[in-house]
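Asker: Sequence:
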Amino acid sequence: MVDFEELRKIKFNELKTQKLTKVYDDFYSKIQEESENYSDERVKINYLNNYEDTKTIRLLKILTMTVRKNPDFDSMTPEEKELYEKVSKNLEEFQPRKQLKTTKTNKIRVLIDIPVFRGLDGNEYGPFDKGQEIELPSNEKQLLLVRNAAQALD
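Positions 4 to 157 (my numbering) are the ones given, in order, by the sequence shown.
Source of the hints: derived by calculation from the structure; they are not laboratory data.
Using N, Cα and C, we set each Cβ at its ideal position, and we do this for glycine too.
No false leads were slipped in.
Computed Cβ-Cβ distance ranges for the label pairs, DEER-style:
no., residue 1, residue 2, range
1, Lys19, Glu127, 52 to 60 Å
2, Glu96, Asp116, 53 to 61 Å
3, Gln98, Gly134, 41 to 49 Å
Sequences and hints are given; from them, build the entire structure.
Answerer: In C-alpha cells:
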C-alpha cells in the first residue's frame, strides 16, 4: 500500500527533481487499493488529488524523456514503460505535413511604366519600366496580365 504520507513524499520528490522518483512496480494498483480504504470522503479526495498531481508530473517527465530519447526505465512502472514505448514509436513515425509552399515565379515583360505596388502577398513590387523583363510570384503576375500591364514570357 501507498499510504497518504508516502504519496505526499513521492509527490514532493517528483516536484523537487527533474528525474523520476523510483516507485513500486505496482504503484498505480497500490494507489487504487489504498484509496478504497479511506472512509472519510475529504481525506479520500485529498489523497486522490495528490495521486493525480503525482501522476501528471510523472507523465510530463516521461513525455520529456521520450522527446529527448533519454529514458530512465529503472524508475518507471511497467505501465509507464509501455507508455514510453508507444509514444516513442509514434514520434518516430511522425512526419510533419509540408507547410511551406514553394512560390513559383514567372517571367513577364512590362508593357507600361508601373509604379511601386503592394502585391496580394503583402510585399511591395516595382517600380518597373516599360519593356523591362521581370520575375514575379504567380498571383502578382496574373494581376498585371489581367490589367494588360504585362505580357507572359513563359
